[in-house]
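Dock chains B and C against the given chain A, drawing on the hints supplied.
Chains as they are written, first to last, in full-length UniProt numbering: chain A, 1 to 388; chain B, 1 to 361; chain C, 1 to 694.
Calculated from the structure, these hints are not laboratory results.
No experiment lies behind these values; they were computed from the predicted model shown.
C-beta: ideal position from N, C-alpha, C; glycine also.
Hints are supplied without guarantee of correctness; some may be wrong.
[Unchecked claim] So, partial list: chain A residues that the calculated Cβ filter (under 8 Å) puts toward chain B:
1. 164
2. 167
3. 172
4. 353
5. 367
[Stated by the list, open to error] With a straight-line cut-off of 27 Å between C-alpha atoms, the simulated DSS-like cross-links for lysine-lysine are:
6. 528/C - 362/C
7. 279/A - 476/C
8. 557/C - 528/C
9. 153/A - 381/C
[What the hints assert, rightly or not] Derived Cβ-Cβ restraints for the label pairs, each shown as a range:
10. 84/C - 253/B: 24 to 32 Å
11. 306/C - 293/A: 57 to 65 Å
12. 134/A - 123/B: 28 to 36 Å
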Amino acid sequence: MEDALSWGSILVRIAAQLLPVWVALIATFALSMTFKRRLGLYGRIFDSPVGMTGFALVMFWVFTAIFADIIITHDPLGQFSGMKNILPGAPLKDAAEGAYPYYLLGGDHLARDVFSRMVMGARDVLKIAPAATVVAFMVGVTLGLPAGYLGGKLDTSISFLSNLVLAFPVILLFYLLVTPEIRVTGIPTVLAAILFIFPVVFLTILLNSRFFTSPAKRNLYVGIVLVIGLWAYSGLAFNADPLGVWSMDPNMLNVFVSVVFVNSPGVFRIVRGMVMDIKTRDYVAAGQTRGEGPWYIMLWEILPNARGPLIVDFCLRIGYTTILLGTLGFFGLGVTPESPDWGSTINYGRRLLAIAPHPAVVPAFALMSLVLGLNLLADGLREESMKD
Amino acid sequence: MLMFVLRRIGVMILTAFALTFVVFYMTNLPPNLEKLAKSEASVRMEDDAVISWLAENGYSSPVLQRYGEWLGVVPGWTRTDETGKITGRCIKAGTDPATAPGYCGVLQGDWGFSTVFKQPVSEVLARSLGATGWLMFWVMAVMVPTSLLLGVLSGMREGSRTDRVLSTFAITTTATPEYVSGVILIALLASATAGISPILNEAGWISGKTLFPGTATSAMDDITFMNFFLPVMTIALYGIGYIARMTRASMTEVMTQQYIRTARLKGVGFRQVVMRHALRNALIAPFTVIMLQFPWLLNGVVIVETLFNYKGFGWTLVQAAGNNDINTLLACSVVAVFVVLVTQLISDIGYVFLNPRIRLA
Amino acid sequence: MSEPWDPSKPILEIENLSISFFTRLREIPAVMDFSCTVMAGEAMGLVGESGCGKSTVALAVMRDLGKNGRITGGSIRFKGRDLTRMGEEELRHLRGSEMAMIYQEPMASLNPAMKIGAQLAEVPMIHRGMAKDEAWKLARQIVADVRLPDPDRILNAYPHQLSGGQQQRIVIAMALMSKPALLILDEPTTALDVTVEAGIVDLVKDLGEKYGTSMLFISHNLGLVLDVCDRLCVMYSGEAVETGNVEEVFDKMRHPYTQALFRSIPLPGADKNARPLVAIPGNFPLPHERPRGCNFGPRCSYFVEGRCNAQDIPMVDVADAHRHESRCLRITEIDWSAPPAVARTAEKAEIGRVVLKLEDLKKYYSVGTSAFGGGMKKVVKANETLTFEAREGETLAIVGESGCGKSTFAKVLMGLETATSGKIMLFDENVQSTPIQMRGTDTISKLQMVFQNPFDTLNPSSTVGRQIIRALEIFKFGDSDAERHARMLELLDLVKLPRAFADRMPRQLSGGQKQRVGIARAFAGGAKVVVADEPVSALDVSVQAAVTDLLMDIQRKNKTTLLFISHDLSIVRYLSDRVMVMYLGHVVEMGTTDQVFSPPYHPYTEALLSAVPIADTRVQRNRIVLEGDIPSAVNPPPGCPFQTRCRWKSQVAGGLCDREVPPVRTLEGGHQIKCHLPDDVLASMEPVIKIAAE
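Chain A with its partners taken away, still in its complex shape (with noise of 0.2 Å):
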């Protein structure tokens, strides 16, 4: 029986623990300041101190994602008997041969390793934070393009429907949309077949309207779009891909759909305002007055403009979207219990806070320090595309 760890040597074995975080961190700022100069808007990123501070916050939690296989001390789902809510650096008892003697961030209720938890949430959150993101923004902007840039009608109903999903308080939509019953009336899939229908429409308009000129390239590249995009289609919203490699969990994909729904409104509100305000430029008249078809001139001369602003909000819009994940695992909605995720994870050690606080504020600090790397390399980005 050893002793339980100060906090320094628990700081040194979790720093050790992330070797492998420490390694592709700096191999990537190393690589990334040496040519920074040739990769554009990402290179500026680090000109900007507020910039690299977001950037190196959020890739930490990204290659943590990515190494969470290594960097686990325990079966993030393996109970230890004795180890129920016990303090950071705690040693195991009875460890069995090769285990790690510790339990560095302590235990929680269940006595399960808290540090090994909190690595493998990180995973969680990565996983459907940015995807539901990059889905949202596509409905997002290829719903916003045609209502910006030809308004009427089109633009009237769409933006009553968009402002309705924005009027909806989050928690009650929530509430509705991702519980068991929901399930079983299949409203999730039905949700899914009209959001993930999105991408696959959107990559065949950009590329029909840029390539029609040439058929030949026009039929190879919208060709490929279709297969792949259909294949994938078929699979994650219906769960019928014939080949079984695309799929997702009835769970994952109510709160994805969720996700993603709540979503939508907000890149359509930003992507309407921008077309409205590039659609009097110059070089979309120059591209009306040649001949151009609307899906041209919206994707290829007022969408690639407009890039800015979209990249800043995508970055503020992944942390939103962690939060709403975080907000879902909170009220325990749509995710197991023994799942590691962030948000269900402080939802279990929010009870026993007044007795054992960390088994919530280690998550709870992940959680923050994600959004608020996001939040920053945001900032930084703003920043530095606006000195243009």
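Frame of chain A, contents of chains B and C only:
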């Protein structure tokens, strides 16, 4: 102007109908009704029993008709069973069916009966809204002046040290959702084993085990600084960061405007430039933001009331949603949607009033 | 005032002033070794192209260079006191009371949330501790002084309720509130229409005399400087290159840059075929890429290797002149009176068959009048009964101020909007109601457009080559990518851009270069009719000449019909064959260039001609300043559209102008005028511009 308000109100009513119908539809989906039947009657019900229970309680008619009944534009259902006993939506148990009104929906002021709280929904709602009203009031009282002050101070001189310190603070709090800041605040100030409470206790500066209590249940009866500080700060912190950032952005933009240079080159002192020339223009945008914060505040309220066990609106909503209390849930969503839409309307109108360019154009 | 000040001494004395801006990467010198003196009651003009540092000098005098700007050397003495050494508090007392500034954008310089009166009254309240009602009384008086109607209403108005011209008058009033000794005007009329500009210029001159105020007048427009100033200082790339009395510099310039500048602006008498403009070759040097020695050296035709780029060039006095200095080493060697070497004269293009014909074209919009979409719908008559034809190889200029409907006309012609009624025949095809999506590729490629704003005309996120190739793809040119790429390079040759530009991004190009790419893109499909919407008005004068000449060259080569939309009468006179003058949607006058530019005029054309400042001391102008602003197209006056501002209105009997839109009258030679004036009055009109005998 009047046309504008009327149009906005029209859109608002349309939105309210659409949203309540969505909520009604979602809460009345077959699996939800089945769950309701099982929780109301018996958990071990067979499918047939569920169906007959639903039919007996008026849940078998088409959803649109039931929505109408709930609204009070369609007469409440009545039903005569084999024994000749008449039951119905508007017939209270133990009253004479003949005297019961034909309509009993929201429009008649009847919000139904809460299955969780075993009380009429209107009573549940009144009590919880009152509690939340106080919470919101204090949140606003803390959040708005603080955030505007921070935003103006940091936006006044962009890039100064004050600006950097305040901006860092603001960005950190916006990255901290309520369930995180709440947990951290409790751990820091209201935990007997961690944070500063044990230290203070040892030093003999506080008599209790913790500096602040970890719950706000007692605030239901009597609001004090001690029991309200943590919940109010938890909600306000997030908003402070957000609004301060908006104010800062607006202020820095205004400070680079040509008319600020004009004022400066007229010989107006810096303090006067800020107070007389910049402030009013800079506060137009944050006003809208503050108003549009309400939907998010509602989120905060739900989280904080759950976290601190304060039985207000958010807590009620969670209880209702968790137990499929359809009537309460519907009422809660009506209130939530109403709050959101009214604040949007106020924000639009206020924007027009604050901005002379639009008002008189 | 702290000490008595001798009025015979200069009000403002700038000596060897150097200003730099500091960025994270480097120090960027904006102004170097700049000196000038302004005496009491004198108006000093500061002239130069954009980026030459003239506004920086003005801001340095106000000591308002921002966070990054710093005065690195020299002194600025105002009434004998060195401004560069003054503290904030001392400066604050000077600003607004002894020196005041007027800016380019009147709307932006007024606080949108404060009443006009409050903004005006603030000045004496701060500087003289005046009571509020007294200050408002003074404000009312000054507002009347700047000739604004109904001062009481204006004092209680917010800035957005006034028109651009009125706003600028308010800004001037604000500057005059404490009767400053020095007034700095930074391009005060650039954002305004010419006829409005004329009024402001008159006002500034009168007030300058009335109050005895000295002025520092910054402008890129030489004609305007001739109108307003006594002395002038020409700046190039951060340095003063020539300074002296206005007449002397205009007539006996002693610096190659000044000379080149004058040769690149169209003066009366210039002709696109016989005496083409001489553009200044090359580009303005970037501040951190200035050459050694003379900054103008690389673009100068008198440049001598080893001398002009050997050392810093000092300002030297010009012999036999009073306070006339120049920064040129070869001042005595150059034959200043030698006429410009005419590069080439071109044959006048053959005017061919009719390619474009418009008949009774009308375009009405309906707009909501209230800000919130409610309320009454109103019809805006953007174009009224436009009838004209344009022939192959011809340049038809469309002239008018903002709101005259010239841009709407361009949109309708291009098919971005459809006409309400009337006919547009393009090569015998009626395209009136065919929106651009329905037009055939052939029709589209034949009719192309060159846009106004060079910073807006190219997509910022796509390379130059890619944008031209895209046009070729759309016009179905060529069968392969290689073929299109080759054609793209040819097009770059056509607009005289290096082929290497194909891979550049638009932000790496200067304004003139971007405009050339825009022209190349327009001609990608072999356009036959090109609508040029103010193609050079956003460019610096020296670049304007080159771009205009390029357009003319391509026109001659391809026999293109050019519809040249412009508000700049000098350039119109220089390059167009026929002119159409528009006012509030109506064509008020149309004819050959000579017909339009000589009497009889339409009263509006007359005023327009008189309002254009001309940078030639020999030109005598008959000043006609129009009262009031251009009426809004949403709410046009009844009868003749011009009747609210017409000075000839009294000559028409029976108030006809108030009631009826005049008919189009055809005078001799097909000259059309839309006016009620009787023939004898028209015949008695005097020419507005006279060139004194040489």
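Evaluation of the provided hints:
1. 164: holds (6 Å)
2. 167: holds (5 Å)
3. 172: holds (5 Å)
4. 353: holds (5 Å)
5. 367: With a closest approach of 6 Å, the residue 367/A hint holds.
6. 528/C - 362/C: This hinted pair holds, its Cα atoms lying about 24 Å apart.
7. 279/A - 476/C: The given pair, whose Cα atoms are some 25 Å apart, holds under the 27 Å limit.
8. 557/C - 528/C: holds (11 Å)
9. 153/A - 381/C: Holds, at roughly 25 Å.
10. 84/C - 253/B: 24 to 32 Å: holds (30 Å)
11. 306/C - 293/A: 57 to 65 Å: holds (59 Å)
12. 134/A - 123/B: 28 to 36 Å: violated (46 Å)
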